[in-house]
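Peer 1: Protein chains in written order, with this note's numbering: chain Y, 233 to 455; chain E, 37 to 130.
Derived by calculation from the structure, the hints in this document are not laboratory data. From the three backbone atoms N, C-alpha and C, an ideal C-beta is built for every residue, glycine too. A couple of the hints might just be wrong.
[Claimed, not checked] For each label pair, taking beta carbons as the anchor points, the in silico distance ranges come out as: (1) Ala-275/Y with Leu-80/E: 23 to 33 Å; (2) Tyr-41/E with Asn-237/Y: 27 to 37 Å; (3) His-61/E with Asp-305/Y: 27 to 37 Å; (4) Ile-121/E with Gln-263/Y: 50 to 60 Å; (5) Ser-370/Y with Phe-103/E: 41 to 51 Å; (6) Glu-117/E with Glu-261/Y: 50 to 60 Å.
[What the hints assert, rightly or not] No more than 30 Å apart at the CA atoms, straight line, and that leaves these computed lysine-lysine pairs for BS3-like: (7) Lys-399/Y with Lys-389/Y; (8) Lys-290/Y with Lys-84/E; (9) Lys-389/Y with Lys-84/E; (10) Lys-84/E with Lys-399/Y; (11) Lys-389/Y with Lys-280/Y; (12) Lys-280/Y with Lys-405/Y; (13) Lys-102/E with Lys-116/E; (14) Lys-390/Y with Lys-356/Y; (15) Lys-405/Y with Lys-390/Y; (16) Lys-116/E with Lys-84/E; (17) Lys-84/E with Lys-390/Y; (18) Lys-356/Y with Lys-413/Y; (19) Lys-399/Y with Lys-116/E; (20) Lys-84/E with Lys-280/Y; (21) Lys-413/Y with Lys-399/Y; (22) Lys-120/E with Lys-102/E; (23) Lys-356/Y with Lys-280/Y; (24) Lys-120/E with Lys-356/Y; (25) Lys-280/Y with Lys-290/Y; (26) Lys-84/E with Lys-102/E; (27) Lys-290/Y with Lys-390/Y; (28) Lys-405/Y with Lys-389/Y; (29) Lys-389/Y with Lys-276/Y; (30) Lys-405/Y with Lys-84/E; (31) Lys-290/Y with Lys-102/E; (32) Lys-84/E with Lys-120/E; (33) Lys-413/Y with Lys-290/Y; (34) Lys-102/E with Lys-356/Y; (35) Lys-116/E with Lys-290/Y; (36) Lys-389/Y with Lys-356/Y; (37) Lys-290/Y with Lys-405/Y; (38) Lys-120/E with Lys-399/Y; (39) Lys-120/E with Lys-290/Y.
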Amino acid sequence: MSDLNNMTAAESAATKAAVMNQVPGPEIEGQSPLHHADLASLAKQGPKTSGVHLRELKLLGHLTLRCNPANADQLAAVERVLGVALPLQPLTSSENGNYSIRWMSPDEWLILVPGLETFDIETKFRDEMPGHYSLVNSSGGSTVLELSGENVVELLKKATPIDLHAKSFPVGKVVSTLLAKSTATIRRTGDQRFELVIRRSFSDYIWLWIQDASLEFGLVVEA
Amino acid sequence: MLHIYCPHCGEYREEEEFHCAGQAHIARPLEPEACSDQEWGEYLFFRKNPRGLHHELWVHAAGCRKFFNMTRDTQSYEIKEVYKIGEQPSVVAE
């Protein structure tokens, strides 16, 4: 048996697992997990100013990468594909334009890319990555919410045990934690802006929870 | 509520993010077929229940989802030490 760890990119590519484009194409409209909530219509009706703003970053490509952080060839390959290095420090993230990488655990990263580019990126990874690694398209399993506004920290404080003070939660930090008894991967993208990767099956629950918890601040839905 | 240091995330988190997975350092017999029923039964079902220091396996279930070991005092609930899988505890009962 050949040693997976020492395979070159070409050898790895030859063993290519079944890679399937999960998105039919731009001509067929996808439906996000919050499709039923019709956020686009709510954005037109609701108030325009309030303490909390919500936007669904829908139909992004979610790629879960597991590889060896001590393997310099793999790290270089990731940089060639995405133009940005894997964040190796715990709880950090990195981004390059529309591509962003979140540290999930010491050997696992979550990569978000524009939905229609997912297949291309995945194919590029299959061509470039040497050695033993795993890349899984988990786009259908979760969705992304962006919360912002002057009361966003107060809103999240109700839901998560994480300390959200800027001292211990600077911009760019990523934590996987509990959010209102469900789980979420929270990343701070600005002083008063957070990005939540939540489970598809919990997205309706989180949406209802956010509406309830933001009653006192007011909620603006952005399309 | 325990405040637990995750050695993989490198910071303290609340207990609700973790699950305890029982006693640590349970070695599976290398040759299960050579075990007597008693040895196998003890490996599968019998666990320590000390008053005082206890080595436990924990998992950061809502966080990085990695396992690690913890030495905890079952009487005072004090966490003496947290260490990664494969490492040996430095705090042990006399």
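Peer 1: Now, for every hint given, state plainly whether the structure supports it.
Peer 2: Results of checking the hints against the structure:
no.: 1; hint: Ala-275/Y with Leu-80/E: 23 to 33 Å; verdict: violated (57 Å)
no.: 2; hint: Tyr-41/E with Asn-237/Y: 27 to 37 Å; verdict: holds (31 Å)
no.: 3; hint: His-61/E with Asp-305/Y: 27 to 37 Å; verdict: holds (35 Å)
no.: 4; hint: Ile-121/E with Gln-263/Y: 50 to 60 Å; verdict: violated (42 Å)
no.: 5; hint: Ser-370/Y with Phe-103/E: 41 to 51 Å; verdict: violated (22 Å)
no.: 6; hint: Glu-117/E with Glu-261/Y: 50 to 60 Å; verdict: holds (55 Å)
no.: 7; hint: Lys-399/Y with Lys-389/Y; verdict: holds (15 Å)
no.: 8; hint: Lys-290/Y with Lys-84/E; verdict: violated (50 Å)
no.: 9; hint: Lys-389/Y with Lys-84/E; verdict: violated (39 Å)
no.: 10; hint: Lys-84/E with Lys-399/Y; verdict: violated (42 Å)
no.: 11; hint: Lys-389/Y with Lys-280/Y; verdict: holds (23 Å)
no.: 12; hint: Lys-280/Y with Lys-405/Y; verdict: holds (29 Å)
no.: 13; hint: Lys-102/E with Lys-116/E; verdict: holds (20 Å)
no.: 14; hint: Lys-390/Y with Lys-356/Y; verdict: violated (41 Å)
no.: 15; hint: Lys-405/Y with Lys-390/Y; verdict: holds (19 Å)
no.: 16; hint: Lys-116/E with Lys-84/E; verdict: holds (18 Å)
no.: 17; hint: Lys-84/E with Lys-390/Y; verdict: violated (38 Å)
no.: 18; hint: Lys-356/Y with Lys-413/Y; verdict: violated (37 Å)
no.: 19; hint: Lys-399/Y with Lys-116/E; verdict: holds (27 Å)
no.: 20; hint: Lys-84/E with Lys-280/Y; verdict: violated (60 Å)
no.: 21; hint: Lys-413/Y with Lys-399/Y; verdict: holds (25 Å)
no.: 22; hint: Lys-120/E with Lys-102/E; verdict: holds (9 Å)
no.: 23; hint: Lys-356/Y with Lys-280/Y; verdict: violated (42 Å)
no.: 24; hint: Lys-120/E with Lys-356/Y; verdict: violated (35 Å)
no.: 25; hint: Lys-280/Y with Lys-290/Y; verdict: holds (21 Å)
no.: 26; hint: Lys-84/E with Lys-102/E; verdict: holds (23 Å)
no.: 27; hint: Lys-290/Y with Lys-390/Y; verdict: holds (24 Å)
no.: 28; hint: Lys-405/Y with Lys-389/Y; verdict: holds (16 Å)
no.: 29; hint: Lys-389/Y with Lys-276/Y; verdict: holds (28 Å)
no.: 30; hint: Lys-405/Y with Lys-84/E; verdict: violated (40 Å)
no.: 31; hint: Lys-290/Y with Lys-102/E; verdict: holds (29 Å)
no.: 32; hint: Lys-84/E with Lys-120/E; verdict: holds (21 Å)
no.: 33; hint: Lys-413/Y with Lys-290/Y; verdict: holds (22 Å)
no.: 34; hint: Lys-102/E with Lys-356/Y; verdict: holds (29 Å)
no.: 35; hint: Lys-116/E with Lys-290/Y; verdict: violated (45 Å)
no.: 36; hint: Lys-389/Y with Lys-356/Y; verdict: violated (40 Å)
no.: 37; hint: Lys-290/Y with Lys-405/Y; verdict: holds (22 Å)
no.: 38; hint: Lys-120/E with Lys-399/Y; verdict: holds (27 Å)
no.: 39; hint: Lys-120/E with Lys-290/Y; verdict: violated (37 Å)
Of the hints listed earlier, those the structure fails to meet are numbers 1, 4, 5, 8, 9, 10, 14, 17, 18, 20, 23, 24, 30, 35, 36 and 39, in rising order.
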